[in-house]
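Visitor: Given next are the chains, with one letter for each unit.
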Amino acid sequence: MKKLGFYPGCSLKGSSSEYAQSVLAVAKAFDIELEEINDWNCCGATAAHNMNKELALSLSARILALAEKQGMEEIVVPCAACYNRLTVTQHELNKDEALKQRVCDIIEMPISGSLQVLNVMQLIDKYVADRLEEKVTTPFGNKVACYYGCLLVRPHNILKFDRLEDPQSMDILMKRSGANPIEWGFKTECCGAGFSVSRTDVVAKLSGNIVKDAADRGAEAIIVACPMCQSNLDMRRPAINEYLKQKIDIPVLYITQAIGLAVGLNPKEVGLQKHFVPVEIN
Amino acid sequence: MNCSQFVQLCTVKWHNVSKTNMITNQESILELQQHTGVNVNRCYQCGKCTAGCQLAEEMDFPPSMVMHMLQTRDEELFQQLLNSKTIWLCVSCQNCIERCPMSIDIPQIMDYLREKSAGEHKINHQSRDIVAFHRAFLDSIKYTGRLYEIGLIAGYKTRTFHLTQDVKLAPKMYAKGKLPLVPEMIKGTRNIKGIFSKTKI
Chain A
16 MKKLGFYPGC SLKGSSSEYA QSVLAVAKAF DIELEEINDW NCCGATAAHN MNKELALSLS
76 ARILALAEKQ GMEEIVVPCA ACYNRLTVTQ HELNKDEALK QRVCDIIEMP ISGSLQVLNV
136 MQLIDKYVAD RLEEKVTTPF GNKVACYYGC LLVRPHNILK FDRLEDPQSM DILMKRSGAN
196 PIEWGFKTEC CGAGFSVSRT DVVAKLSGNI VKDAADRGAE AIIVACPMCQ SNLDMRRPAI
256 NEYLKQKIDI PVLYITQAIG LAVGLNPKEV GLQKHFVPVE IN
Chain B
2 MNCSQFVQLC TVKWHNVSKT NMITNQESIL ELQQHTGVNV NRCYQCGKCT AGCQLAEEMD
62 FPPSMVMHML QTRDEELFQQ LLNSKTIWLC VSCQNCIERC PMSIDIPQIM DYLREKSAGE
122 HKINHQSRDI VAFHRAFLDS IKYTGRLYEI GLIAGYKTRT FHLTQDVKLA PKMYAKGKLP
182 LVPEMIKGTR NIKGIFSKTK I
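Quick note, the sequences are listed as chains A and B, same order.
Residue numbers for the first sequence follow my numbering, beginning at 16 and rising by one.
Residue numbers for the second sequence follow my numbering, beginning at 2 and rising by one.
These are calculated hints, taken from the structure and not from any lab test.
Honestly, I wouldn't trust all of these hints.
[Claimed, not checked] Below 27 angstroms or equal to it, Euclidean Cα-Cα: the simulated DSSO-like pairs (lysine-lysine) are: (1) K143/B / K260/A; (2) K68/A / K199/B; (3) K188/B / K18/A; (4) K14/B / K220/A; (5) K283/A / K260/A; (6) K117/B / K110/A; (7) K158/B / K28/A; (8) K115/A / K143/B; (9) K188/B / K68/A; (10) K201/B / K110/A; (11) K123/B / K68/A; (12) K115/A / K188/B; (13) K201/B / K283/A; (14) K28/A / K194/B.
[What the hints assert, rightly or not] Which chain B residues stay away from chain A? Per the calculated CB distances, all over 12 angstroms, these: (15) E59; (16) L83; (17) Y113.
All C-beta atoms, glycine included, are put in the ideal place defined by N, C-alpha and C.
All chains, full assembly: derive it from the sequences and hints.
Guide: The following block contains the structure:
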């Protein structure tokens, strides 16, 4: 059994608990043990780097330091925002020794800066992909729009993950799970991110454009790998439909839920009942 | 956004700039450059950042105009940026830097301007809800170490008086097991409070 570090992040403990549930269920199905980082804190998300750069770096640095202290070499970070913050922080600290020293003083812990931070696609790609096809029992036989959002692919020079404008990793994994990924135009457009509460109108518009393009091109489900994207496209659907002046009811699944279903996990095990837009596929 | 929409957008937004006389201040730009490592002169106003920006239409000054305003070194325009809606509407999606032919780190500039705007109490009046959300978010981390969603919403509502917003949503989230009632306090809250006090926030 492969053992990897795990940083769930705050959303996965609350409003996106089904993401955590499905990540853990898929990991278990493929004999991967995910060990949570002890006493982890919030990465600071958008709020921290909008208000104070040093605070943003320090909050993420504390998480990296704790993982190193626990002897982890690779950590899995399913939330795209956390993945982005942790990777960017490690990059910033590694390129500026004086900054790293200052941040280490602030968090009162040393950092070597050698952690591998994996998002969910990288986890699946690295440890699951070669066994995926043989494990598929109920192929996900639907047309899907794979939606990557901003934080998985940008900034490219730091994350170095997938193509910028037309990423493929999720499409390839969904194809291997028996789905039919469509070509569409909003793969990496922003959903409105952290404006869900403070500017719901902006989220309705931005997410509305994404949902509409997916629906117009015949997608039966939108596949995501970010809790913010999921909650904006799913939980904010009433506001989206009001903005679009039409009722679109295609569901929004996490990639781990889709893969989980394909390898024979039941809908409850991957938390499908927790969605706002009902999932009636497969 | 197509080409004519872009030109129209920039023409319309230019009326938001109010200019009386030019007061050159190199200091503000030097300071910006020191903190962000970005040389604003490298922008040649191609407008790709604005064309790709999802929020440009909502902004008072779209990103390419921000770059131009900084290039002038004019203090009045710099102050208008600190007081703009733009800096708070930017969602840090990073599309601008990726599409910029000169790879100018506009998101870094936005972070810098936001921090300065908040530090100098120049937050745009219409953007107070956005800032209130950020502050409520950070408060939650400061006291529990993690994001406590009920606390976040309560903090946001008391700051903005939007008391009735989303009231129907919370019970649904709770019923679906998406809204834990009790915060998860971490053991290292002293460490976290130390981080907040050392970074002076």
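Visitor: Going back to the hint list, which numbers does this structure go against?
Guide: Failing hints, ascending: 1, 5, 13, 15, 17.
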